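Undergrad: What follows is the residue order along each chain.
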Amino acid sequence: NAGVTQTPKFQVLKTGQSMTLQCAQDMNHEYMSWYRQDPGMGLRLIHYSVGAGITDQGEVPNGYNVSRSTTEDFPLRLLSAAPSQTSVYFCASNRGTGGPQHFGDGTRLSIL
Amino acid sequence: SQQGEEDPQALSIQEGENATMNCSYKTSINNLQWYRQNSGRGLVHLILIRSNEREKHSGRLRVTLDTSKKSSSLLITASRAADTASYFCATDRALVVNSKLTFGKGITLSVRP
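Protein chains in written order, with this note's numbering: chain A, 77 to 188; chain B, 44 to 156.
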């Protein structure tokens with residue numbers, strides 16, 4: 077079991093570029109979430125999904141899109157990168173609502 | 044807004060000592076969870092305590108929950124240098140459809156050899 081796999085681990089973008097952060101889990105979990113972690117801010121929820129084809133916004137969704145075409149994959153798209161999106165992004169999955177979450181090791185994103 | 048607030052923000056102890064970390068929250072919960080994050084890694088789930096439980100143990104970890112005070116504590120006994128990490132509490136709010144976990148800002152624990 078690989079658990080939750082995030083790619084890439086590091087990325088540098090220029091302002092205005094777009095990119096997709098990949099997240100895959102092999103635990104057949106229904107729930108998947110994207111968070112960003114900034115110094116002094118803890119983890120903030122960007123988007124989440126309760127199953128294939130179902131997504132919803134979290135606390136800080138602006139500038140990000142998600143889709144969930146399969147149970148395993150939950151990619152996060154930055155539409156037009158801005159310096160304020162410089163952060164560490166974590167993907168997580170869990171079996172049911174409120175259950176323990178399994179995290180990937182994150183994508184460290186810098187936007188110049 | 045943060046549902047869980049950890050206290051203290053940072054804690055430095057000697058190896059072998061006990062470490063106590065606290066978390067307070069604002070609204071009714073289904074459960075409260077504690078996570079650990081080592082530098083440069085993702086969060087790892089440590090323990091989950093449900094709203095009808097008062098204490099739970101896992102190895103050197105002891106978690107208590109006081110729903111009347113809306114607070115929880117995480118005790119790590121006989122700490123080791125490998126316990127150096129950030130610790131987060133997260134709450135699953137009650138009476139919310141498809142409730143999402145809300146994380147606190149974390150506590151930085153340093154265990155000196």
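One or more hints might be untrue.
[What the hints assert, rightly or not] Each computed EDC-like pair below joins lysine to aspartate or glutamate, with the alpha-carbon atoms no more than 20 Å apart: (1) K113/B / E98/B; (2) K148/B / D50/B; (3) K85/A / E148/A; (4) K148/B / E106/A; (5) K69/B / E96/B; (6) K113/B / D50/B; (7) K69/B / E135/A; (8) K112/B / E98/B; (9) K148/B / D181/A; (10) K148/B / E148/A; (11) K99/B / D109/B; (12) K112/B / D126/B.
[Said to hold, decoys possible] For each label pair, taking beta carbons as the anchor points, the in silico distance ranges come out as: (13) R171/A / T151/B: 37 to 45 Å; (14) Q133/A / E60/B: 22 to 30 Å; (15) G102/B / K90/A: 19 to 27 Å.
No lab work stands behind these hints: they were computed from the structure. As the structure is a computational prediction, the values presented were derived from the model and not from experiment. Where a beta carbon is used, it is the ideal one built from N, C-alpha and C, also for glycine.
Undergrad: Hint by hint, note whether the structure agrees.
TA: Checked hints:
no.	hint	in the structure
1	K113/B / E98/B	holds (14 Å)
2	K148/B / D50/B	holds (10 Å)
3	K85/A / E148/A	holds (19 Å)
4	K148/B / E106/A	violated (26 Å)
5	K69/B / E96/B	holds (18 Å)
6	K113/B / D50/B	holds (13 Å)
7	K69/B / E135/A	holds (17 Å)
8	K112/B / E98/B	holds (14 Å)
9	K148/B / D181/A	holds (18 Å)
10	K148/B / E148/A	violated (29 Å)
11	K99/B / D109/B	holds (12 Å)
12	K112/B / D126/B	violated (28 Å)
13	R171/A / T151/B: 37 to 45 Å	violated (30 Å)
14	Q133/A / E60/B: 22 to 30 Å	violated (43 Å)
15	G102/B / K90/A: 19 to 27 Å	violated (47 Å)
Going down the numbered hints, you'll see the structure goes against 4, 10, 12, 13, 14, 15, while the others check out.
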